[in-house]
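**Q** What the sequence shown shows, in my numbering, is residues 1 to 422, in sequence order.
Worth flagging that the hints you see were computed from the coordinates, not collected in a lab. Be aware that a few hints might be false.
Claimed, not checked - Listed next, with one range per pair, are the computed distances between beta-carbon atoms:
| # | residue 1 | residue 2 | range |
| --- | --- | --- | --- |
| 1 | Glu248 | Leu269 | 13 to 21 Å |
| 2 | Gly114 | Gly250 | 44 to 52 Å |
| 3 | Thr149 | Glu223 | 46 to 54 Å |
| 4 | Gln258 | Asp382 | 25 to 33 Å |
Unchecked claim - Below, simulated SDA-like cross-link-like pairs (lysine to any residue); rule was C-alpha separation at most 25 Å, straight line:
| # | residue 1 | residue 2 |
| --- | --- | --- |
| 5 | Lys157 | Val236 |
| 6 | Lys157 | Gly196 |
| 7 | Lys157 | Gly251 |
| 8 | Lys157 | Glu142 |
| 9 | Lys157 | Gly390 |
| 10 | Lys157 | Arg353 |
| 11 | Lys157 | Leu82 |
| 12 | Lys157 | Ser367 |
| 13 | Lys157 | Gly363 |
| 14 | Lys157 | Ala89 |
| 15 | Lys157 | Ala337 |
| 16 | Lys157 | Asp368 |
| 17 | Lys157 | Arg81 |
| 18 | Lys157 | Ala110 |
| 19 | Lys157 | Val316 |
| 20 | Lys157 | Val48 |
For clarity, every value in this text was computed on a predicted model and none was experimentally measured. Glycine included, each C-beta is placed from N, C-alpha and C at the ideal position.
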Amino acid sequence: MHLPLLLEMAAATMPDRVGVVAGDVRLTYADLEQRSGAAAALFAAQPVERVVLIDLNSEAVPIALFGAALAGKPFVPVNYRLTDVQLRAIVARTVPSLVIAGPGVAERIADVEGITVIDRGEFLSRTRSDAERPDVSIDPDEVAVLLYTSGTTGEPKAAVLRHANLASYVLSTVELAAAVEGEAAVVAVPPYHIAGVSAVLTSTYRGRTMVYLDSFDAGSWVEAVDRERVTHAMVVPTMLGRILDAAEAGGSTLPSLQNLSYGGGPMPLPVIERAMRLLPHVGFVNAYGLTETSSTIAVLGPDDHRIAVTSDDPVVRRRLGSVGRPLPVLELSIRDADGNPVGVGERGEIWVRGPQVSGEYVGRGGSDDGWFNTRDSGELDDEGYLFVHGRLDDVIVRGGENLSPGEIESVLVEHPAVEAAA
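Take these sequences, add in the hints, and give me the full structure.
**A** What follows is the structure, encoded as structure tokens:
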């Protein structure tokens with residue numbers, strides 16, 4: 001299975017359903033397939049090996065992602081928030097490449113050799129042509145996406161995600177055309193985040209409308225959810241508190257919202273408890289995953305949330321702070337520093353294996369046995385709920401004791417006078 005097949009099946013099954021909303025732009029799935037094919041023709045005609053996108057959210061994101069896949073070239077969304085020096089260094093590592101540039105980006109990378117730059121407006125204009133998609137054979141083992149991950153030391157690593165990895169994640173978590181008419185997801189996470197990539201793929205295969213916000217602003221987010229009657233959303237923890245503040249200030253209860261997923265970092269318990277009080281009609285999902293695992297590997301579902309928050313049993317209530325259980329298609333193991341499995345309730349390193357797991361970087365392949373060390377610290381309870389205690393690389397050693405910044409932050413934000421901790 002490869003990524004273009006996800007779009008082809010969606011366009012064949014529900015061609016007239018609106019797939020993308022970005023400002024005043026509305027594209028059906030048939031439109032998205034045609035525009036992606038024209039983008040592929042543009043990419044294939046260029047003497048480049050990769051398609052880079054440095055921009056805010058817009059309809060250009062799914063068009064470029066699928067267009068690159070159709071052309072047989074890796075899609076490389078890059079963080080536009082980087083400094084000029086960092087941005088030029090990463091772009092230089094992608095050459096020869098075509099760069100789709102948002103406002104002000106072209107000037108920032110003008111001195112990088114080996115790139116062809118096209119601004120977003122021109123790119124979108126050229127995808128409105130009748131150009132036919134190129135006849136390119138796509139191997140599921142080919143690279144589909146490169147995502148640069150930040151590290152505690154050294155330069156960012158380019159995580160390699162192959163068609164097979166990403167397609168496996170989609171097929172194991174989403175049913176084709178399962179969305180009812182009117183189901184819509186707001187996308188405010190940036191395109192260079194794995195959640196931004198997976199939002200395109202899962203929404204397309206399910207048949208859900210993607211409602212793009214160019215960037216996150218809590219007030220605009222609430223307005224978009226109410227205006228477009230958004231049913232699903234994905235946020236990072238820092239966004240949720242601001243959304244709740246904006247909704248309360250504007251008198252909105254977000255009545256259309258059915259499901260809200262969160263991930264990308266630890267969620268302060270006071271924030272999720274407040275969200276469940278203010279939005280009792282919403283099902284909350286904690287989705288834990290990494291770039292190298294093609295997104296989610298463990299889920300704490302809506303029922304888990306409701307049971308935990310209302311339980312008098314401290315063991316059950318504690319699970320509100322977990323990331324749930326691993327996906328059934330994956331193997332997950334907690335190991336000590338020597339790679340040996342540890343017992344229930346014991347902390348160790350989180351390892352994972354499965355078809356969606358890459359664990360591969362440019363210049364450094366994955367392990368021969370398929371196991372990937374997430375470098376996260378965690379433990380499993382006796383019913384298989386996973387508790388994540390932070391990055392191993394972030395641990396502070398003081399007085400012979402290992403201290404996790406994430407756990408310290410979690411304690412601090414429980415105080416009513418503390419809004420956030422970092």
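**Q** Now, for every hint given, state plainly whether the structure supports it.
**A** Going down the list of hints, with the structure as the test:
1. Glu248 to Leu269: 13 to 21 Å: holds, 19 Å
2. Gly114 to Gly250: 44 to 52 Å: holds, 48 Å
3. Thr149 to Glu223: 46 to 54 Å: violated, 32 Å
4. Gln258 to Asp382: 25 to 33 Å: At roughly 32 Å between Cβ atoms, aspartate 382 and glutamine 258 fall inside 25 to 33 Å, so the hint holds.
5. Lys157 to Val236: Measuring from Cα to Cα gives roughly 22 Å; hence the hint holds.
6. Lys157 to Gly196: Cα-Cα ~18 Å, so holds.
7. Lys157 to Gly251: Answer violated: lysine 157 to glycine 251 is near 44 Å, above 25 Å.
8. Lys157 to Glu142: holds, 19 Å
9. Lys157 to Gly390: holds, 20 Å
10. Lys157 to Arg353: With a Cα-Cα distance of about 20 Å, the restraint between lysine 157 and arginine 353 holds, given a limit of 25 Å.
11. Lys157 to Leu82: With a Cα-Cα distance of about 14 Å, the restraint between lysine 157 and leucine 82 holds, given a limit of 25 Å.
12. Lys157 to Ser367: Given pair lysine 157, serine 367 holds - Cα atoms ~16 Å apart, limit 25 Å.
13. Lys157 to Gly363: holds, 9 Å
14. Lys157 to Ala89: holds, 12 Å
15. Lys157 to Ala337: Since the Cα atoms of lysine 157 and alanine 337 sit roughly 23 Å apart, the hinted pair holds (cutoff 25 Å).
16. Lys157 to Asp368: Satisfied, since the Cα-Cα distance of roughly 20 Å is no more than 25 Å.
17. Lys157 to Arg81: holds, 17 Å
18. Lys157 to Ala110: holds, 23 Å
19. Lys157 to Val316: Not OK: lysine 157 and valine 316 at ~38 Å, beyond 25 Å, violated.
20. Lys157 to Val48: OK: lysine 157 and valine 48 at ~21 Å, within 25 Å.
This entry does not satisfy hints 3, 7 and 19, going by the numbered hints stated previously.
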